[in-house]
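Residues per chain are reported as follows:
2 protein chains.
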Amino acid sequence: MTEWHLAGGFRYAGIVSGLRSEPDRRDLAVIVSDRPAAAAGVFTQNRVVAAPVRVSRDRLPRADARAVVVCSGNANACTGGQGLADARRMAELVADELGCVPEQVLVSSTGVIGRPLPMPVLEAGIPLAVRAAAEGRQALSDAAHAILTTDTGIKIATRVVGGHTVTGFAKGAAMIGPNLATMLGFVLTDAPVGEHDLHVILKAAGEASFNCVSVEGHTSTNDTVFLLANGDGPKLAGHDLAQFREGVFAVCGELARKIAIDAEGAEHLVTIEVEGCRSDEDARRVAKTVAESALVKTAVFGADPNWGRVVSAAGYSGVVFEETDLSLWMGDLLLYRAGTPLPFDPAAASAYLKHNREVHFRLRFGGGPGRCTFHTCDLTTEYVRLNADYTT
Amino acid sequence: MTEWHLAGGFRYAGIVSGLRSEPDRRDLAVIVSDRPAAAAGVFTQNRVVAAPVRVSRDRLPRADARAVVVCSGNANACTGGQGLADARRMAELVADELGCVPEQVLVSSTGVIGRPLPMPVLEAGIPLAVRAAAEGRQALSDAAHAILTTDTGIKIATRVVGGHTVTGFAKGAAMIGPNLATMLGFVLTDAPVGEHDLHVILKAAGEASFNCVSVEGHTSTNDTVFLLANGDGPKLAGHDLAQFREGVFAVCGELARKIAIDAEGAEHLVTIEVEGCRSDEDARRVAKTVAESALVKTAVFGADPNWGRVVSAAGYSGVVFEETDLSLWMGDLLLYRAGTPLPFDPAAASAYLKHNREVHFRLRFGGGPGRCTFHTCDLTTEYVRLNADYTT
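Chains as they are written, first to last, in numbering that gives the first Met the number 0: chain A, 0 to 391; chain Z, 0 to 391.
Honestly, the hints are just simulated from the structure, not real lab data. One or more hints might be untrue.
With beta-carbon atoms standing in for the labels, derived distance ranges [stated by the list, open to error]:
(1) Z:Asp344 <-> A:Ala84: 18 to 28 Å
(2) A:Asp63 <-> Z:Ala347: 44 to 54 Å
(3) A:Asp324 <-> Z:Gln81: 44 to 54 Å
Some chain Z residues flagged as far from chain A (calculated, every beta-carbon gap over 12 Å) [stated by the list, open to error]:
(4) Val48
(5) Gly82
(6) Gly216
Small disclaimer: the values here were computed from a predicted structure and weren't measured. Note that beta-carbon positions come from the ideal geometry of N, C-alpha and C, so glycine has one too.
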């Protein structure tokens with residue numbers, strides 16, 4: 000088993016509750032902190048927000064979180080007032096087991112939209128899951144499995160920084176999936192950090208990682224990342240806090256990259272590097288537009304070095320630039336320099352796309368300070384097949 | 000042959016110049032107005048703009064246009080200073096034949112980006128095309144064929160209004176194609192209309208038609224629509240001008256719809272109707288976001304009534320609304336009313352998608368005046384196959 004570092008004082012479970020039709024599929028996860036933990040969250044920017052997001056958002060940041068409960072297979076989104084009551088009930092079932100108040104419990108869901116949760120299944124399953132929660136790698140692995148939808152494998156990333164451990168696991172990417180595969184991330188640490196510092200760090204780490212991954216740009220109703228810190232003692236500050244922040248960035252970055260490479264039907268991880276823009280936000284807009292272009296993504300799938308698609312996608316990003324400021328590399332190959340195409344060997348360029356599972360495009364604009372690294376995947380016939388039939 | 004109405008005083012040609020590798024493929028079109036014509040144009044909003052767009056944009060609006068020359072197979076985009084010189088030379092070759100100045104000639108191109116035009120082919124072909132220009136349906140059909148890239152057929156729409164004729168033809172949609180299939184439209188009329196009125200009418204008609212069609216949202220470097228009016232006599236005004244405007248709207252609307260239904264690999268024409276927004280622009284943003292969602296489009300392809308994808312796409316459009324204001328119909332079937340899902344028969348809903356080549360989604364928000372009708376197509380495995388390999 001991979002060398003995972005486990006933050007102290009957290010227990011995990013991932014059980015087969017029966018939410019899903021597959022009989023042996025883990026579908027219900029809990030994370031329990033033995034001590035009250037500082038907690039922060041970042042959430043989808045969609046106007047249509049799932050019930051568990053509404054419930055958890057109202058509870059954060061806070062200083063005394065005790066647990067997170069997550070179900071997969073049903074998003075509990077577009078489910079009206081009943082959905083809100085159901086999400087609150089999920090937390091209440093955990094709180095009853097732990098002897099805490101429901102507000103100390105956070106909730107996430109992922110799966111199909113617009114169907115009520117099968118509450119009898121959860122009434123039975125949640126207490127079992129809380130009682131099953133245990134320390135150790137197997138329990139973490141079980142929880143990481145239970146949150147998956149169409150992911151092909153679990154995604155775990157850990158770091159040890161300054162004597163403290165940061166343990167993260169995640170699933171999905173944007174709405175990659177036939178399940179409307181929400182992106183969920185859970186980052187746990189035994190470092191002592193206050194909830195407001197946590198919130199600032201998580202927001203910045205999320206921007207640089209999960210917000211720089213896109214499969215097809217469809218923002219889910221359920222996207223959620225939680226960061227819980229249960230460390231005792233004086234809160235980290237100064238250099239120690241900065242070091243902790245680096246650890247959270249590293250864990251979120253690794254999880255985001257794992258999400259992109261595992262996107263449905265994907266054969267390539269595509270990294271778009273943009274530099275020289277007026278601001279990081281401009282660079283991100285360019286990178287995101289290129290990353291979400293169906294024509295760029297099909298070209299990578301077909302190993303077609305059709306670089307005009309990349310340049311033209313940059314052009315409709317909404318960012319103002321002069322064509323004569325733009326240069327483009329594919330891998331090490333400079334294809335377009337300051338607005339002028341360069342001769343290149345199409346066979347060699349095609350071979351680069353064909354023989355590398357990870358491919359890079361680099362766009363350089365003028366001399367501005369703005370930059371962004373963004374990840375996506377190719378658009379394949381398999382993606383269309385997977386997404387063409389789910390609910391029926 | 001279909002009953003096309005031909006605006007008087009225009010001649011057309013579409014010839015096999017040899018720009019394309021297919022030996023019998025028409026690839027060079029000209030439109031000649033026997034009299035100087037008022038002319039207006041609307042163009043791509045991409046920051047990366049093809050040379051023919053730059054050249055034509057500088058020449059419009061004008062009162063004395065004499066011709067349009069169009070080549071397909073090569074976009075003359077991202078071609079630097081040479082590209083600009085080549086686009087100007089295309090116009091000059093036409094002007095030499097007609098005995099007018101080059102500024103009276105407009106230029107368009109569509110095809111692959113980043114390759115220099117094969118000018119010897121055009122030096123030979125353009126004079127032949129101008130000399131071949133003729134009146135009549137066959138000549139119009141030839142020109143309409145010569146501008147195609149991956150379109151499966153020509154797109155022509157005509158109207159007679161107030162004794163004048165509006166004749167339009169078009170190709171492509173957004174960047175639907177492996178050719179980077181630009182959208183081009185040419186609308187000709189024998190009505191007497193001044194160039195500034197033409198510009199205002201064309202801009203509004205383009206917004207309501209070509210700007211409400213999207214295949215995958217990839218804005219081309221070459222999108223162009225020209226409107227030429229060569230009528231003698233006092234310029235239309237008041238009621239007559241309003242009637243003429245309706246004719247242009249009708250022709251542009253029909254061409255846009257033909258573009259959407261002919262999108263690459265498409266099996267469905269999908270119409271998104273949005274109403275009750277604060278403004279038409281808000282309605283258009285919602286409609287465009289739904290229309291460009293890969294998950295909505297794959298669901299239609301798979302006849303999967305996964306309506307959560309439509310609602311969640313509306314939610315990330317950037318338009319502010321309350322979920323409880325939103326209702327959704329698929330065809331006549333109300334699926335989601337004021338934020339609450341309604342029970343429905345999935346088999347019947349799937350059958351609606353399966354058995355109709357044209358399908359409708361209707362989203363109603365609050366009671367605002369803003370509305371939009373937008374067209375797109377489904378995302379099919381065939382689309383990915385067509386776009387996965389072009390330049391190599």
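Query raised in the report: Against the structure shown, which of the earlier numbered hints fail to hold, in ascending order?
Result: As far as the earlier hints go, 3, 4, 5 and 6 are violated by this structure, in ascending order.
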